[in-house]
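Enquirer: Here's the letter readout for the chains.
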Amino acid sequence: MSLLQLADLSDQDVERDLCGAGLSLRVGSFRCCIQSDTRLLATPLKLLYQDYLVDAFTGGFHDFRLRLFKTRNHIWSPWQVSFDWDGSSPFPEITLAHAHPLFEWGLNWCVATASGLHIVIHSAVVEREGVALILPGQPGAGKSTLCAALCLSGWRLLSDELTIISQTDYLVHPAPRPISLKNNSIELIGNRYPSAEMTAPIADTHKGTIAYVRPPRASVMASDQRVPVGFVVFPKFAAGSSLGYEPISRAMGLTQLMEHTFNVGLLGQAGFEALARSISDAKCYAVEYPDLASILEWIDVTCRR
Amino acid sequence: MPPLNLVHALRSPEETLSTPESNWNEILAQGRRQQLLGQLAARLRSARLPNAIPEAVQRHLELELVTAKRRTESALWEIATLRRAISAKFPLILLKGCAYAISNDQNADGRMFSDIDILVRRESLPTVEVELSSAGWKPGQVSDYDAGYYRNWMHEVPPMEHVRRHTVIDLHHAINPPVSPCYVNPEKLLSNLIEVKPGVFVLSPLDRVVHCALHLIQEGDSKKLLRDLYDLFRLVEQHCPDIEGTVRLLDRANDLGVGRQVATSVEAAQEIFGAVNSAACQGSKFLRHCLVKAALAPANKLDPVSYMAGAVLVAYSHSIKMPLRLLVPHLAKKALVRWHEARQEDR
Numbered sequence: 553m554s555l556l557q558l559a560d561l562s563d564q565d566v567e568r569d570l571c572g573a574g575l576s577l578r579v580g581s582f583r584c585c586i587q588s589d590t591r592l593l594a595t596p597l598k599l600l601y602q603d604y605l606v607d608a609f610t611g612g613f614h615d616f617r618l619r620l621f622k623t624r625n626h627i628w629s630p631w632q633v634s635f636d637w638d639g640s641s642p643f644p645e646i647t648l649a650h651a652h653p654l655f656e657w658g659l660n661w662c663v664a665t666a667s668g669l670h671i672v673i674h675s676a677v678v679e680r681e682g683v684a685l686i687l688p689g690q691p692g693a694g695k696s697t698l699c700a701a702l703c704l705s706g707w708r709l710l711s712d713e714l715t716i717i718s719q720t721d722y723l724v725h726p727a728p729r730p731i732s733l734k735n736n737s738i739e740l741i742g743n744r745y746p747s748a749e750m751t752a753p754i755a756d757t758h759k760g761t762i763a764y765v766r767p768p769r770a771s772v773m774a775s776d777q778r779v780p781v782g783f784v785v786f787p788k789f790a791a792g793s794s795l796g797y798e799p800i801s802r803a804m805g806l807t808q809l810m811e812h813t814f815n816v817g818l819l820g821q822a823g824f825e826a827l828a829r830s831i832s833d834a835k836c837y838a839v840e841y842p843d844l845a846s847i848l849e850w851i852d853v854t855c856r857r
Numbered sequence: 003m004p005p006l007n008l009v010h011a012l013r014s015p016e017e018t019l020s021t022p023e024s025n026w027n028e029i030l031a032q033g034r035r036q037q038l039l040g041q042l043a044a045r046l047r048s049a050r051l052p053n054a055i056p057e058a059v060q061r062h063l064e065l066e067l068v069t070a071k072r073r074t075e076s077a078l079w080e081i082a083t084l085r086r087a088i089s090a091k092f093p094l095i096l097l098k099g100c101a102y103a104i105s106n107d108q109n110a111d112g113r114m115f116s117d118i119d120i121l122v123r124r125e126s127l128p129t130v131e132v133e134l135s136s137a138g139w140k141p142g143q144v145s146d147y148d149a150g151y152y153r154n155w156m157h158e159v160p161p162m163e164h165v166r167r168h169t170v171i172d173l174h175h176a177i178n179p180p181v182s183p184c185y186v187n188p189e190k191l192l193s194n195l196i197e198v199k200p201g202v203f204v205l206s207p208l209d210r211v212v213h214c215a216l217h218l219i220q221e222g223d224s225k226k227l228l229r230d231l232y233d234l235f236r237l238v239e240q241h242c243p244d245i246e247g248t249v250r251l252l253d254r255a256n257d258l259g260v261g262r263q264v265a266t267s268v269e270a271a272q273e274i275f276g277a278v279n280s281a282a283c284q285g286s287k288f289l290r291h292c293l294v295k296a297a298l299a300p301a302n303k304l305d306p307v308s309y310m311a312g313a314v315l316v317a318y319s320h321s322i323k324m325p326l327r328l329l330v331p332h333l334a335k336k337a338l339v340r341w342h343e344a345r346q347e348d349r
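Protein chains in written order, with the numbering used here: chain A, 553 to 857; chain B, 3 to 349.
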C-alpha cells in the first residue's frame with residue numbers, strides 16, 4: 553500500500569478520486585472511502601485534511617464508505633445533497649451549498665457510532681505535557697471556540713467533538729478533525745489568531761454560520777499517541793461577570809461526564825467502571841467565564857501537572 | 003462466480019476465510035441494510051471464525067454483538083417491568099423478537115430488535131391498555147380513521163410508546179386480523195403456551211415457527227424480508243430440522259388454517275439459505291419465487307423483476323389480511339388521504 557499526504561495530491565486528482573472510485577482517507581484508526589459528485593468537497597478537504605494520509609490503493613476494506621451525492625425531488629426542484637453510509641443516514645438531504653458541513657457531521661456520526669466499544673463523550677479534548685484536558689459542555693458553552701484557541705496556542709488537538717476513551721487501557725484515543733466554529737466565534741478566532749487557516753464561512757446551516765479550522769499539523773501527525781486524562785473542565789459562558797471556578801469532586805465530575813456520554817446505555821456497568829477509572833487521577837473543575845482571554849489564562853495557570 | 007455476499011456468508015461462514023478483504027465492504031453493507039449484521043457476527047462467532055477475519059472487520063462485528071446483547075438485556079428488563087404493570091390474572095405472552103430472546107432460540111443470537119410484541123385475549127385488551135397507560139406507555143397518535151382501522155379489523159392496537167424510555171409495545175390480540183380469510187383463532191395458540199418465567203409465556207416452538215412464517219408473508223414489507231426469512235430458516239433448523247419435523251410443522255399449520263402460507267415461506271427461506279426438505283412442496287411456487295426475488299433485490303439499482311415481486315407480495319399480503327369488500331374501500335380511502343396530504347405539502 554502506498555500512502556501519501558493529501559497535500560501531495562493536486563486539486564484535480566482529489567476531484568477525480570471523489571467523482572470516481574473514491575478518495576481513501578485515514579482518519580484516526582479508520583479508513584474512509586469518500587465519493588461525491590458535488591464538486592464542493594475537494595477545496596475544503598485539500599485545506600483541512602492536507603496532513604492526513606491518503607491511500608493510492610482504493611481497494612481493500614474501508615470502515616466507512618461515504619457517498620455525498622447530488623439529488624433532487626423533481627426536475628424543477630433545486631439540487632440537494634444526501635449523505636449515505638452503507639444505505640443509512642441520520643441526516644435528511646440539505647441544500648447543495650452545505651455539502652462540506654454535511655460531510656463533517658456525517659463523518660462525526662460514523663466515528664462516534666463505530667467507536668461504540670469505547671466510551672464516546674460529546675466533548676472537546678486537548679493535550680499538553682502528556683495529559684488530556686476534557687472540555688464537555690452544553691451546546692453554546694463555547695467548547696469548540698475554546699478548543700480552537702487552545703490548539704492555536706500550543707495544545708495538541710485530540711478532538712473538538714468526540715472524546716474517545718478505551719475500556720482496555722483507560723487512555724484517550726485521539727481522533728483529530730477540523731474544528732467547527734460557529735457564528736461570532738469565526739471572527740473572534742480569526743482576529744485573535746490571524747495565522748489560523750479556515751474555510752470560507754458557510755451561512756444558514758441549522759447551526760448558523762460555520763467555518764472549519766485546519767487542525768494543527770503536529771496534532772494530526774501524533775494522532776496515534778494516546779494519553780491519560782489529567783483534567784476535566786466544565787466551561788460555562790456567563791456574560792458580564794468575572795471568571796469564577798470551583799473544584800468539583802471526581803464523583804460529581806463522573807456523573808456530569810456520564811450525561812455527555814453517547815453510549816452510556818450500551819456500555820452499562822463495564823463502561824461506567826472504565827470511565828471512573830479513566831478519571832481516577834484527574835482534577836475536575838466547573839468554570840464560569842466572561843470572555844475567551846480570561847478562561848485561556850485560567851487554563852494556562854491551573855491545568856499544569 | 004459472483005463475489006461472496008451476505009447470504010453466502012450466513013449459509014457457509016467458513017467461506018469467508020478465503021474471501022478477499024474488499025468483499026467485506028459489501029458483506030457489511032448488506033448486513034447493515036438488512037439488519038442482519040449482528041446475526042452474521044454471531045454466526046461467525048459460533049463457527050469460531052472471528053480470529054481469521056481481518057481485524058478492521060472484527061471491530062464492526064464485535065460492536066454489533068455488544069449492541070445486540072445490550073438491547074436484549076434491556077428488553078428482558080422491560081419485560082419484567084411489563085409483568086409488574088399488567089395484573090397477574092393476565093398471562094404475559096411474548097411474540098417474535100422477545101420470545102426468541104427469552105426462549106434462547108438460536109436466531110436470537112446477535113439479533114437486533116426494537117419493539118416488544120405481546121399477545122393478550124381480546125376481551126382483556128381494554129384493561130391491559132389502561133394498565134400499560136398508567137405505567138407510562140401512551141397510546142400511539144394515529145388519525146381517527148387509522149384508529150378505527152386498527153380497532154375494527156386489525157389484530158393489534160396502535161403501537162404504545164413509553165413516555166420516558168421510548169420503548170414501543172405492539173399489543174396484539176391475535177397473530178392475524180380477525181377479518182382475514184385465514185384467521186387463526188388465538189385460543190388454539192393459547193392452549194399450547196410455554197411458561198418461561200413466572201407469569202411470562204411464549205408460544206410453543208412449532209407455533210413460533212408458524213407465526214414467523216405467517217408474519218413475514220402477511221407483512222408484505224420487502225425491507226425486512228431477508229431478516230424475517232433468516233429468522234424462519236434458523237427456527238426451522240432448530241425446531242423441525244428433519245422431514246418428520248417438517249411434517250409436524252405443516253400439520254400444525256394446516257390445523258391452524260395457514261398451511262399454504264407457512265409452507266411457502268419455509269420453502270422460500272430454505273431456497274435462499276439452503277437445506278431443502280423437498281418432501282414438503284405444499285406452498286405456492288409463484289409466491290415462493292416472489293419472496294426469493296424480493297428478499298434478494300439489489301440495493302442500489304432498480305431491478306424490474308424484484309420490483310414486480312415486491313408488488314405481488316404487497317397485494318398478496320393485503321389479500322390475506324382482509325377480504326376484498328373491506329380492502330377496496332380501505333385502500334381507496336388511504337389513497338385519497340395520501341393524495342390530500344401531498345397536495346397540502348405542495349402548498
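Heads up, a few of these hints could be off.
[Claimed, not checked] For lysine to any residue, the following SDA-like pairs were computed, each having C-alpha atoms within a straight-line distance of at most 25 Å:
1. Lys71(B) / Leu704(A)
2. Lys303(B) / Ser641(A)
3. Lys788(A) / Leu704(A)
These aren't lab readings, by the way, just hints derived from the structure by calculation.
Enquirer: State for each hint whether it applies.
Expert: Hint by hint, here is what the structure shows:
1. Lys71(B) / Leu704(A): Between Lys71(B) and Leu704(A) the Cα gap is close to 43 Å, so the pair fails against 25 Å, i.e. violated.
2. Lys303(B) / Ser641(A): The hint holds at about 18 Å.
3. Lys788(A) / Leu704(A): At roughly 21 Å apart (the allowed maximum being 25 Å), Leu704(A) and Lys788(A) satisfy the hint.
Hint 1 from the earlier list is the only one contradicted by this structure; the remaining hints agree with it.
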